[in-house]
Amino acid sequence: DTGVSQNPRHKITKRGQNVTFRCDPISEHNRLYWYRQTLGQGPEFLTYFQNEAQLEKSRLLSDRFSAERPKGSFSTLEIQRTEQGDSAMYLCASSPRDKAFFGQGTRLTVV
Amino acid sequence: GEDVEQSLFLSVREGDSSVINCTYTDSSSTYLYWYKQEPGAGLQLLTYIFSNMDMKQDQRLTVLLNKKDKHLSLRIADTQTGDSAIYFCAERLGSGGSYIPTFGRGTSLIVHP
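For the protein sequence lines, the chains are C and G, in the order given.
Under the numbering used here, think of the first position of the first sequence as 79, with each following residue one higher.
Under the numbering used here, think of the first position of the second sequence as 5, with each following residue one higher.
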């Protein structure tokens, strides 16, 4: 499978714990996006990388969120001190230029 | 997605055509997309249109773009029960602007026999 891969698919964590998600984009896609989706809503933009450079961050991305894309390949999204409001589907997408392809997402449940 | 608006629900009978509508606000949008999402899954890119086009057809799918009214539609011919899903419209600016796709809230398509 050469699509966008996200791990884990599901994560249940206790409030206050840290979690990290991984995204492996389609090979040679230089653009990578993270989105968050809650029930009944469309994907909301979190952050965007072009190669290894993080070019934009949404105001939704509080100080507890950090994302990296070392070497311009895979990316990680870390949430520190999780809160119940962080429960959502976290989606990663990659793009060569004009079309963005999404992974299956990581569903986070904070209990 | 306050910049992209869609009606929330559409119900059609199997075999009929479905038309899902979307309005966007940014006249600088260069790419407009339609994605499909099934329960618990990620988004699948169905089709997209460049802003210098007004129509694109791909098998059962027809996209119409009215740039003057900033209106995009997706027509699905011969709708099947497998087409039941949430359909998202998204816009993206081209070079010189943000490359970030902005999504609407999605239209839930229900296909009944």
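Calculated directly from the structure, the hints in this document are not laboratory data.
Only a predicted model underlies this, so the values are computations on that prediction, with no experimental measurement involved.
Be careful, since some hints might not be right.
DSS-like cross-link-like pairs, simulated, lysine-lysine; straight-line CA separation at most 27 Å [stated by the list, open to error]:
#1 C/Lys-149 with C/Lys-89
#2 C/Lys-177 with G/Lys-40
#3 G/Lys-60 with C/Lys-177
Output of the computed footprint for chain G on chain C, the stretches with three or more beta carbons under 8 Å from beta carbons of chain G [what the hints assert, rightly or not]:
#4 117-127
#5 138-148
#6 181-188
Pairwise CB distance ranges (calculated) [claimed, not checked]:
#7 C/Gly-150 with G/Gly-44: 27 to 37 Å
#8 C/Gln-128 with G/Lys-71: 48 to 58 Å
#9 G/Ala-81 with C/Gly-118: 22 to 32 Å
#10 C/Pro-148 with G/Lys-72: 42 to 52 Å
#11 G/Gly-86 with C/Gly-94: 37 to 47 Å
Glycine is no exception: its CB is placed at the ideal position from the N, C-alpha and C atoms.
Hint by hint, here is what the structure shows:
Simply put, C/Lys-149 and C/Lys-89 have alpha-carbon atoms about 26 Å apart, close enough for the 27 Å limit, and the pair holds. Of the supplied pair hints, the one linking C/Lys-177 and G/Lys-40 holds, its CA atoms being roughly 14 Å apart against a limit of 27 Å. For the suggested pair G/Lys-60 and C/Lys-177, the alpha carbons sit about 15 Å apart, so the restraint of at most 27 Å is met. Check result for the region 117-127 of chain C against chain G: holds, 7 residues qualifying (beta carbon to beta carbon below 8 Å, three or more required).
Here the region 138-148 of chain C counts 0 residues with a CB under 8 Å from a CB of chain G, which misses the bar of 3, and the coverage is violated. Under the rule that three or more residues need a Cβ within less than 8 Å of chain G, the assignment of the region 181-188 of chain C holds, with 4 such residues. The hint said 27 to 37 Å for the Cβ distance between C/Gly-150 and G/Gly-44, and at roughly 30 Å that hint holds. Checked against the hint of 48 to 58 Å, the C-beta distance between C/Gln-128 and G/Lys-71 comes to roughly 27 Å, which is inconsistent with it.
About 28 Å separates the C-beta atoms of G/Ala-81 and C/Gly-118, a value consistent with the hinted range of 22 to 32 Å. Between C/Pro-148 and G/Lys-72 the CB atoms are about 45 Å apart, so this pair conforms to the stated range of 42 to 52 Å. Look at G/Gly-86 against C/Gly-94: about 42 Å separates their beta carbons, and that is inside 37 to 47 Å.
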